[in-house]
Amino acid sequence: MNKTVNQKAWFFVLPVLILVAFNAIVPLMTVVNYSVQETFGDNVFFWSGLIWFEDVLTSDRFHASLGRQLFFTFSILAIEVPLGVAIALAMPRKGIWVSVCLVLMAMPLLIPWNVVGSMWNIFALPDIGLLGKTLNTIGFDYNYTRQPGDAWFTLILMDVWHWTSLVVLLAYAGLVSIPDAYYQAAKIDGANAWAVFRFIQLPKMKRVLTIAILLRFMDSFNIYTEPSVLTGGGPGNSTTLLSIDLVKIALGQFDLGPAAAMSLIYFLVILLTSWVFYTVMTRDEEH
Amino acid sequence: MDLRRYKWLIPTVYIIFLMLPIYWLISMSFKTTNEILGSFTLFPQEFTLENYRTIFTDPTWYSGYINSIIYVTINTVLSVAVALPAAYAFSRYRFLGDKHLFFWLLTNRMAPAAVFALPFFQLYSAIGIFDTHLAVALAHTLFNIPLAVWILEGFMSGVPKQLDETAYIDGHSFPAFFIKIFIPTISAGIGVAAFFCFMFSWVELLLAKTLTAVAAKPIAATMTKTASSSGYELGLLAAAGTLTIIPGAIVIYFVRNYIAKGFALGRV
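These protein sequence lines are chains A and B, in that order. If you read the first sequence in the working numbering, its first letter stands for residue 1, the second for the next number, and so on. If you read the second sequence in the working numbering, its first letter stands for residue 1, the second for the next number, and so on.
No wet-lab data here; the hints were simulated from the structure. For clarity, every value in this text was computed on a predicted model and none was experimentally measured. Built from N, CA and C at the ideal position, the CB exists for glycine as well. There may be inaccurate statements among the hints.
Only part of the chain B face toward chain A is listed, based on derived beta-carbon distances under 7 Å [unchecked claim]:
# : residue
1 : Trp-24
2 : Pro-85
3 : Ala-86
4 : Arg-109
5 : Phe-120
6 : Met-199
7 : Val-203
8 : Gly-241
9 : Leu-243
Based on the sequences and whatever the hints tell you, model everything.
Okay, structure coming up:
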């Protein structure tokens with residue numbers, strides 16, 4: 001659609017701008033403020049320059065959490081995106097089953113995050129949980145509260161359970177928007193299923209998949225509640241993701257300076273990655 | 001042999017996988033604590049409603065649900081109301097800094113709640129709305145307004161501009177056109193946007209917990225307190241968890257025909 005240039009449109013955006021700026025800028029500035037100061041208590045603060053940033057960037061603890069975070073995010077993206085697309089392709093296109101599938105699949109998305117954590121906690125307990133008990137009965141030595149490998153398995157399985165449906169819904173929305181004429185043309189040309197997928201379905205899904213990957217990337221990088229309820233970052237530090245580590249430092253030890261510096265670095269990592277991805281994926285549309 | 005005949009197996013297996021933990025939660029909510037801890041049973045042997053009775057009679061439990069529903073409703077109404085004119089501006093006009101503003105709005109979805117929890121607490125205490133429903137509703141607009149703008153803009157861009165122009169020629173003023181003609185036209189989009197605002201406000205816990213103490217405490221916070229303080233009342237926890245699924249299920253049922261379209265129409 002060709003849009004008209006109208007600077008007065010700013011007035012329409014103003015309420016959103018005021019609300020979001022109030023919520024975003026004041027807290028962000030508070031964080032920036034903490035990140036450059038040192039305190040010895042009693043609300044007395046000293047300017048400390050960039051020392052906290054240096055500390056965080058060179059600390060092994062931060063590198064370890066960041067590494068775990070990256071491993072988590074890329075694992076769940078590598079599973080959820082292909083799986084979601086595959087399920088969307090196999091879903092019915094018409095009839096009563098569409099609604100049934102959509103309603104049932106959307107269920108995990110609307111469960112409060114701490115309930116998701118508790119639910120999986122109960123489900124995976126090795127002695128009284130359905131998953132844990134079943135795995136142990138068929139011969140696996142499974143205990144997610146003791147073995148780091150099992151904790152990771154449970155964490156990733158939980159996220160796949162929780163969020164794959166979002167990818168399915170988005171991919172499905174992209175698929176149903178393809179007109180029947182495209183498929184008929186492909187049939188006349190004698191295209192096989194792979195060619196139909198590669199040259200018709202995938203390009204049509206590109207936009208929704210970009211949204212799906214962006215949302216999953218941002219949300220998985222911010223994940224806090226579910227893992228903290230499920231494993232609490234343990235056993236040991238083995239599943240301590242960035243947010244969990246941050247909350248430990250900020251609210252557990254009350255080290256506001258390092259926590260604030262870490263927050264800003266953390267936020268910048270998400271921002272930069274999303275910006276690069278957004279720019280690359282939307283570049284074609286600009287021309 | 002035609003593999004396509006067995007295609008229905010994939011969604012079926014997936015849905016069974018989704019339902020298993022939910023089933024386990026519901027089944028546990030009908031068990032007694034003795035049965036949960038004492039033995040491994042697939043179905044409740046001594047079927048009990050005691051857990052639900054506790055929740056419906058104890059004000060610390062049921063007030064949590066009421067609080068959650070109040071702030072989620074305020075948040076949904078507020079987010080959609082301010083997002084409507086903004087989305088209209090983005091879909092119809094070009095103005096100075098529009099693209100940057102759009103991306104900046106999106107960046108607010110990226111802000112980790114863990115980062116903002118403490119500053120939010122200080123800010124809302126300073127302006128005196130700590131522990132009110134309004135505080136949680138306002139805090140949740142941080143990530144819901146960008147999403148609502150994003151979804152509504154997509155729906156509005158699908159409405160031809162001729163609709164606006166015809167209305168002006170017919171002598172409608174802008175507010176009259178917007179309320180009487182435009183809003184009914186994109187009602188599906190408003191439904192989808194409201195659904196996502198409801199969803200993200202309903203499921204969030206960290207900010208909701210940080211910004212409340214007693215008067216506006218959400219159900220999720222009551223649950224985490226129970227989980228840590230009273231030891232192992234798993235049945236009660238399971239019953240409370242089961243009840244949190246119900247509002248979501250009702251909302252999904254109403255918007256089932258629109259959820260799939262919601263994001264697809266939004267631009268990237």
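Hints versus structure:
At a threshold of 7 Å, the smallest CB-CB gap from Trp-24 of chain B to chain A is about 5 Å, leaving the interface hint in force. A least Cβ separation of about 4 Å between Pro-85 of chain B and chain A falls short of the 7 Å threshold, and the interface hint therefore holds. Using the Cβ-Cβ criterion of 7 Å, the hint placing Ala-86 of chain B at the interface with chain A is satisfied: the shortest such distance is roughly 4 Å. Checking Arg-109 of chain B against chain A by beta carbon gives a least distance of about 6 Å; that is within 7 Å, so the hint holds.
A least Cβ separation of about 6 Å between Phe-120 of chain B and chain A falls short of the 7 Å threshold, and the interface hint therefore holds. The beta carbon of Met-199 of chain B is positioned within 7 Å of a beta carbon in chain A (closest approach about 5 Å), and the interface hint is therefore held. Given the 7 Å rule on beta carbons, the hint for Val-203 of chain B holds: about 5 Å separates it from the nearest Cβ of chain A. The interface hint given for Gly-241 of chain B holds, since its Cβ lies 4 Å from the closest Cβ of chain A, which is under the 7 Å cut-off.
Checking Leu-243 of chain B against chain A: minimum C-beta separation of about 10 Å lies over 7 Å; hint violated.
Violated hint for the displayed structure: number 9, the only one.
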